[in-house]
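Assemble the whole structure, with the sequences as input and the hints as a guide.
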Amino acid sequence: MERWQPRRGRGRGRGSYSSSSHTQSNNFRPSNTSNHPTTRKPTPNHISSKINNKQDDNDPEALPNLTGSCPYMCPIEERIQRERLRDLAIFERLNGNPSQSSSTLAVKKFCRTISTKDVRNVDLRPVFVLEDTLNHLLNIFGSKSQPFEVIHDFIFDRTRSIRQDLSMQGIVTGDQAIGIYERIVKFHIISQHKLQRNDVNSNSNVSPMHHLNMEQLTKTLSSLYHLYDKTQKPNPGFYSFYVLLHLGSDHQPTGESLSLWFRKLPFSVMKSKEMMFARRLLRYSRFGNYKQFLETIDSEASGLQFYVLEPYVCDVRAFGLSCLNHGGYKLNPYPLVDISKHLFMEESDVESFCKDCGLDTYTSEDGTRFMPAKQTSFCSPKGPRKYYPMVSERLKTLYDEAPEII
Amino acid sequence: MASYMSMGEAHRRITDYLNRFVDVISYQDGTSLKHLLSLSSESPSFLALADALNLFQDANRLIKQADKYSQYAEIVAPLFRAMQSYRVGHLVESYQAFEKSANAFIQEFRNWESAWALEALYVVVYEIRILAEKADRELASNGKTPEKLKAAGSFLMKVFGVLAGKGPKRVGALYVTCQLFKVYFKLGTVHLCRSVIRSIETARIFDFEEFPVRDKVTYMYYTGRLEVLNENFPAADHKLSYALKHCDPQSEANIRMILKYLVPVKLSIGILPKKALLEKYTLVEYSDIVLAMKRGDLRLLRHALEEHEDRFLRSGVYLVLEKLELQVYQRLVKKIYIIQKQKDPSKAHQIKLEMIVKALKWLEMEMDLDEVECIMSILIYKNLVKGYFAHKSKVAVLSKQDPFPKLNGKPINS
Chain Y
1 MERWQPRRGR GRGRGSYSSS SHTQSNNFRP SNTSNHPTTR KPTPNHISSK
51 INNKQDDNDP EALPNLTGSC PYMCPIEERI QRERLRDLAI FERLNGNPSQ
101 SSSTLAVKKF CRTISTKDVR NVDLRPVFVL EDTLNHLLNI FGSKSQPFEV
151 IHDFIFDRTR SIRQDLSMQG IVTGDQAIGI YERIVKFHII SQHKLQRNDV
201 NSNSNVSPMH HLNMEQLTKT LSSLYHLYDK TQKPNPGFYS FYVLLHLGSD
251 HQPTGESLSL WFRKLPFSVM KSKEMMFARR LLRYSRFGNY KQFLETIDSE
301 ASGLQFYVLE PYVCDVRAFG LSCLNHGGYK LNPYPLVDIS KHLFMEESDV
351 ESFCKDCGLD TYTSEDGTRF MPAKQTSFCS PKGPRKYYPM VSERLKTLYD
401 EAPEII
Chain S
1 MASYMSMGEA HRRITDYLNR FVDVISYQDG TSLKHLLSLS SESPSFLALA
51 DALNLFQDAN RLIKQADKYS QYAEIVAPLF RAMQSYRVGH LVESYQAFEK
101 SANAFIQEFR NWESAWALEA LYVVVYEIRI LAEKADRELA SNGKTPEKLK
151 AAGSFLMKVF GVLAGKGPKR VGALYVTCQL FKVYFKLGTV HLCRSVIRSI
201 ETARIFDFEE FPVRDKVTYM YYTGRLEVLN ENFPAADHKL SYALKHCDPQ
251 SEANIRMILK YLVPVKLSIG ILPKKALLEK YTLVEYSDIV LAMKRGDLRL
301 LRHALEEHED RFLRSGVYLV LEKLELQVYQ RLVKKIYIIQ KQKDPSKAHQ
351 IKLEMIVKAL KWLEMEMDLD EVECIMSILI YKNLVKGYFA HKSKVAVLSK
401 QDPFPKLNGK PINS
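Going down the list, the sequences are from chains Y and S.
Just so you know, we're using the UniProt record's numbering here: the first sequence kicks off at 1 and counts up by one.
Just so you know, we're using the UniProt record's numbering here: the second sequence kicks off at 1 and counts up by one.
Honestly, the hints are just simulated from the structure, not real lab data.
Please note: incorrect hints may appear among the correct ones.
[What the hints assert, rightly or not] Calculated pairs, SDA-like style, for lysine to any residue (alpha carbon to alpha carbon, straight line, at most 25 angstroms):
hint	chain 1	residue 1	chain 2	residue 2
1	Y	355	Y	207
2	S	382	Y	283
3	S	323	S	412
4	S	182	Y	229
Listed below in structure tokens is the structure:
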């Protein structure tokens, strides 16, 4: 009798979240230049399935109990080897020498191909060393010594290595570990914001970096939530990021919708200030209430929350414009100044945004600018998203100075 | 606890069981076999047998004594261990032993030509899940990671594979599927349902109509719930309605479970349940919501959501219910229209935005003209209101014909 097997839906290894989708690591080479390796673009709506995947790196539950004993940011053997091969990032070079580093400069690289059997205790860094390593990295992050992409590349890789060390040692509890993951989440969020800003300004295509960064952001959040589960000391703000990342992705074919995610959360987290903020935005977003959506951001969003939301603000504004255009009265064109209030934009930006959406504007005799209603040419803005700041006194102070990571 | 039992009696009980086991298999008596495997039923005979095993301590020797017993040693020996562990409350051990036994059982089951042992297989599958749940509770209470239910899921997939063939055993596949659903829903790994759904719905060996009604109802219930999670309302309506229609009318608990998810779905497509229905099945958490929709009372909707927030979040319908706000707004505007129509039919279709602000204020909701304009623009965009709004004069002008289109069983287009 022919044996027909249904496709097994198991992920690799065991752990409380398994998924049928493996994440494929790319050929990412941390480098001291900003070439971008070719990558596979992740499928849309991948965010949830990533969150519910354990890290694509080694499954800690299948590993023997390793306890890191390496006292340096980089194991000595690796440092010596990389010095010899001249494989040192610019931040690791002693006096700019490409083949000379030091124990205070070299930082362990992320290694995807390592097999769990080959890992030795001396290669892994204990938590307190990882903390110091992270401090060192975040200092570099805050400096302006190199172009941002170069800094980002380096920190991206080295923080991934930190997470790998934690995961290989099966560290799933402890305030220190939580602190490390939380700070790495913040790094990814701020980076996302800066990368997008740079993208817009330079018109270069750094979208592979965005996707990779997003991917690691969701993985780090996933690890963080595991820790919160174990220690029962959740920080609700970090849950709110998950909700905000899901705005606008209403229909997910996998069933891993927000409803499912909410089921698992403690009620106290659901009722926290940060989650209530995110939930309210979710409600407005699903309703289409662009005005309240933007108003709530203006009055309540934290700096980090705003960075996470930023890409979605454009969609909301486009929707709002579309509603105003669709439902308006032909004989009552919209003063742009009124639209600017609805959409929290400068009037000049409204004009530009209308153009992005295929809508015409005109100037009357007395200089007032209008958008006529009932135009049939509306379309969603295409191409790289132009950045129109939110007209918000409160937010201005927040995003002009990047929020403290430490 | 165990009543006083002698060694002799223990010996007798064990050999009685072994004889019975061998007999039911040779007579292919599936119904009797299933009773021999049902650990968690905790029937008196099981408890007594478990006590006997714990007392006798060397059941393996008895199994090896006769060929007719030892041929089933791989099933019975771990089964006995499972019973013993279960009896003394070591549920993780019990699960592990039972899984071993179940594995061996599946191997034998494969060799039996007809589907006579299907009922017994169902029991094995059921027990795997139940024991795994208990084992996980034990692990969690000892501060360890629960992992047995996940293992049970893997095991059930294997069983599914065994049943997924051309022969008569394939009608059992839906039962196993439903047990898998229960496992995945409990674990929250609901995305894993996809692969087994695909197997059931697209494999040519399966004909959905051939499956037992009971299993079809359960299947539609769970796949309906998945559609609710994905907010596919027409599909959810179809599946949950099927489950409702074919559910045993005596089984009020099951009907209630189906309605718990069907009501929010119907509400989302504009169909309101009768008060009597909600009362009959004690679905009181939906009463105020239905009332709010009838009245156009936004405040009541928000209040009802808050009052039962935890319950709605747990069942995963909170977001669905929240979205009903759109229909409540529609109803509110419609009421204003109706009142205006009574006063002056010729002007009814022009609604000053100020009127809506007043109506909301009366409901203790503060909203300014700009926001009301925003809301009207959304209602018009989503075709809940037909018409337009004049920005300058702050008036909404409704279409003279059918200004408030009914949903007619279709979800609101976004």
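Hint check results:
no., hint, verdict
1, Y:355 / Y:207, "holds (24 angstroms)"
2, S:382 / Y:283, "holds (16 angstroms)"
3, S:323 / S:412, "holds (10 angstroms)"
4, S:182 / Y:229, "holds (22 angstroms)"
Violated hints: none; the structure is consistent with every hint.
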